[in-house]
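Undergrad: On the provided structure of chain A, position chain B as indicated by the hints.
Here is what each chain is made of, one letter per residue.
2 protein chains.
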Amino acid sequence: MKIQSVKGTRDFYPPQMAVRNFIIDGWKAASKRCGFVEYDGPIFEYLQMYQIKSGQEIVEQLFNFQDRGGRLLAIRPEITPTLARMVNQQINTLPRPVKWFSVPRLCRAERPQKGRLREFFQWNIDIIGADDVLADAEIVYCSLDYLRSAGLTEKDVVARISSRRLLAALLKNIGIAEDRLDVLYPILDKKSKVPAEAFEEMLQKEVSSGQIIRTIQQLMEVHLVDAIPSIVNLNNEAQAALDEVARVFAYLDRMGVRDFCRFDMGIVRGLAYYTGMVFEIHEVAGELRAICGGGRYDNLLSDFGGPKITATGMGMGDCVLEILLRQKGLLKDDTLDVQTLDYFVVCADAELFDKAVSVAAVLRRKGFSCDFSYKPVALGKQLKQADALKAAQCVIVGQELKESNQLVIKDMKSGEQKLVNADAFLT
Amino acid sequence: MKIQSVKGTRDFYPPQMAVRNFIIDGWKAASKRCGFVEYDGPIFEYLQMYQIKSGQEIVEQLFNFQDRGGRLLAIRPEITPTLARMVNQQINTLPRPVKWFSVPRLCRAERPQKGRLREFFQWNIDIIGADDVLADAEIVYCSLDYLRSAGLTEKDVVARISSRRLLAALLKNIGIAEDRLDVLYPILDKKSKVPAEAFEEMLQKEVSSGQIIRTIQQLMEVHLVDAIPSIVNLNNEAQAALDEVARVFAYLDRMGVRDFCRFDMGIVRGLAYYTGMVFEIHEVAGELRAICGGGRYDNLLSDFGGPKITATGMGMGDCVLEILLRQKGLLKDDTLDVQTLDYFVVCADAELFDKAVSVAAVLRRKGFSCDFSYKPVALGKQLKQADALKAAQCVIVGQELKESNQLVIKDMKSGEQKLVNADAFLT
Chain A
258 MKIQSVKGTR
268 DFYPPQMAVR
278 NFIIDGWKAA
288 SKRCGFVEYD
298 GPIFEYLQMY
308 QIKSGQEIVE
318 QLFNFQDRGG
328 RLLAIRPEIT
338 PTLARMVNQQ
348 INTLPRPVKW
358 FSVPRLCRAE
368 RPQKGRLREF
378 FQWNIDIIGA
388 DDVLADAEIV
398 YCSLDYLRSA
408 GLTEKDVVAR
418 ISSRRLLAAL
428 LKNIGIAEDR
438 LDVLYPILDK
448 KSKVPAEAFE
458 EMLQKEVSSG
468 QIIRTIQQLM
478 EVHLVDAIPS
488 IVNLNNEAQA
498 ALDEVARVFA
508 YLDRMGVRDF
518 CRFDMGIVRG
528 LAYYTGMVFE
538 IHEVAGELRA
548 ICGGGRYDNL
558 LSDFGGPKIT
568 ATGMGMGDCV
578 LEILLRQKGL
588 LKDDTLDVQT
598 LDYFVVCADA
608 ELFDKAVSVA
618 AVLRRKGFSC
628 DFSYKPVALG
638 KQLKQADALK
648 AAQCVIVGQE
658 LKESNQLVIK
668 DMKSGEQKLV
678 NADAFLT
Chain B
258 MKIQSVKGTR
268 DFYPPQMAVR
278 NFIIDGWKAA
288 SKRCGFVEYD
298 GPIFEYLQMY
308 QIKSGQEIVE
318 QLFNFQDRGG
328 RLLAIRPEIT
338 PTLARMVNQQ
348 INTLPRPVKW
358 FSVPRLCRAE
368 RPQKGRLREF
378 FQWNIDIIGA
388 DDVLADAEIV
398 YCSLDYLRSA
408 GLTEKDVVAR
418 ISSRRLLAAL
428 LKNIGIAEDR
438 LDVLYPILDK
448 KSKVPAEAFE
458 EMLQKEVSSG
468 QIIRTIQQLM
478 EVHLVDAIPS
488 IVNLNNEAQA
498 ALDEVARVFA
508 YLDRMGVRDF
518 CRFDMGIVRG
528 LAYYTGMVFE
538 IHEVAGELRA
548 ICGGGRYDNL
558 LSDFGGPKIT
568 ATGMGMGDCV
578 LEILLRQKGL
588 LKDDTLDVQT
598 LDYFVVCADA
608 ELFDKAVSVA
618 AVLRRKGFSC
628 DFSYKPVALG
638 KQLKQADALK
648 AAQCVIVGQE
658 LKESNQLVIK
668 DMKSGEQKLV
678 NADAFLT
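As given, the protein sequences belong to chains A and B, one line each in that order. Under our numbering, residues 258 to 684 are what the first sequence spells out, in order. Under our numbering, residues 258 to 684 are what the second sequence spells out, in order.
Next comes chain A alone, as it looks inside the complex (with noise of 0.2 Å):
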């Protein structure tokens, strides 16, 4: 019976995990670099964990099932609750800040598009227990660090950096209600996604008043900080929120990274749960999805039963990222090593094949990794082999041994040879 594989679902067949290996190491050691130390959870958890930070209607973008206890679970989607569920269940024991980073395997029950699939790996890292935005500012760099470290340039990718908190505060400013920021938010989201009049449209059916909405549109144009004040009269809550995101900023340039960054009104990011900063690194053509998106999200913890403590972090998935890595000539797959070897042990003759086998035995022995052809075929077609398996070098069982105790040592890149006492090369 042939079965294939499910659609938006990834086989990962040695060249393509070697690119995923690639991308995940990538991740780790820039997270190792920042400080973050690695964490995970389980690939399910129970449905309604993730219905507390987003709704019911997460409910259908996951792949849900009963246990035979009849209990109600999901495969995980993101993995910001199970930190929130783990922080909690520890929090009086954690020193602070909690600097944990993971790249969990997820799971959306979507339709897959390009850049967007049902299972995807995503690089996490969050920073719980230091409230100021210095904090915001070390997880934008961190995901800059890693985006540099892969080859990429303030040519390439563009941070685009706001805050919640300055958009709720100048929102109220124009006379928009703290109950209505919940709905609107959404819709703010949606402006670089959708042709201006549908964004017009959808605003006019939240917001009455058509000068607001004019001031609205202008604020979400905003790419500079001083521009603000010039289109609203700013309270002292909105200027305290601005001098924030300028303190974002300025930490940014003292990391050196304040080249790729800019500041844009436009990233709001659509769940309710972010408090302050937000931001998402884009591709600065523009034409991708966003390479990763985050924030301060400081009621997290409370949200899932715990105590009032900050928190803030960032999620990078690794479909866009992978297009956008090999778009730039930064990944290619013939430069990746999908499998290299320190030896190729080639049997030269039949007779000396048990020798062979226990030769190859003692290179991995002493640490070395090692293969072997398990037929003594040609001699030409084992070290064809060699070749196709990228070894370092060859270790040639032949005649020399019968006569004089010694191994041929082929280095398969110069193609030189040498003569060893075979004594001496294995022990």
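Any given hint could be a false lead.
Identical chains share a label here; the pair holds if one copy fits it or two copies do between them.
Said to hold, decoys possible - Listed next, the in silico DSS-like pairs over lysine-lysine satisfying Cα-Cα at most 27 Å (straight line): (1) LYS589 to LYS412; (2) LYS589 to LYS612; (3) LYS589 to LYS285; (4) LYS589 to LYS289; (5) LYS289 to LYS612; (6) LYS641 to LYS289; (7) LYS412 to LYS310; (8) LYS462 to LYS429; (9) LYS289 to LYS623; (10) LYS670 to LYS289; (11) LYS264 to LYS641; (12) LYS632 to LYS289; (13) LYS285 to LYS632; (14) LYS429 to LYS412; (15) LYS659 to LYS429; (16) LYS310 to LYS589; (17) LYS264 to LYS612; (18) LYS638 to LYS289; (19) LYS565 to LYS623; (20) LYS641 to LYS447; (21) LYS285 to LYS670.
These are computed hints drawn from the structure, not numbers from a lab. Small disclaimer: the values here were computed from a predicted structure and weren't measured.
TA: Just chain B now, kept in the frame of chain A:
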């Protein structure tokens, strides 16, 4: 709202994550030493794929669900069906033998027990397209290579090896009909897991002749290849199978792991699909479940709609292994580094806080792992934090920077301090 994790799953806090990485890194290293290359598949597949190899009863042990298109899916309980599907899809282009490894996350909807959880990790190695028992010996060797690298000796673990081909030949030899074999295998596999009377009762239900039952019981106790001819008068088929087993042991001898290995007719493996060598590695004392198991299953690819190409492989879970490594003192929480840092930047003068932030960024840019306190707290508190994060060195940004453009480098092990020129150190 307070939510718990689902029973039978694990939270990997940083210390547990370090253990998981320690185990998985060891598996990966052994795989690479032996010339295996990594692959992976999706976390869920079509439900029916798991019924092909394991029958209808497997469905009860699966977490299964429907997607919105009504497709019946399941979280993978093993990766072998995925392996078969993937290899079949590329069978005409993959160079043979295919030597692949994977460390999949797997789930089983079982009642959690000691060493058996509902979510776990399993090391898999498989060789496809190598007919000779040398490939079987390689599988056993690689399994032992990992266990030996983890510090286990032949006093700790034993590889119990038998042959399904030999067992089949012997059973037919003593009068069991070929079509009765698949019924007997799961019963024979129970021998060491149930009391002797229960085992005999199970046999009596399937085998009418008391004489044959006694012979089967005798065979199950055999630990020497040479002892078999005294129990059964071997026909050609059985003799050939016996010779093959002897060759497996001869190879394991050449590979230097013979002392770990024991012939044991009691090793049957429950699944019908094994066709040749079968083995399990157990703790010598025998109190734990098998550490790993595997064998030859030459019909795997054809069962999944592919060609008749031979295969042999092994699976090792992380749960029993972790218990064993802890029992033997080879895995202790306090010997694993949960986190280390190259540098911790200490700010000894609040005026220089911004400078400390940029020093940390520069060190990270140079590739070092580096962290710092997000608040300019007291010097002693910062040094304590550096210690907790296992920083190798501290960089103290203080008055020396103002006075003479120097930084203090403090070695955290020896306590020694030295002054360095800031520009030279940060370039």
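Undergrad: Run through the hints listed earlier and report the numbers of any the structure violates, in increasing order.
TA: 2, 7, 11, 14, 15, 16, 17, 19 and 20
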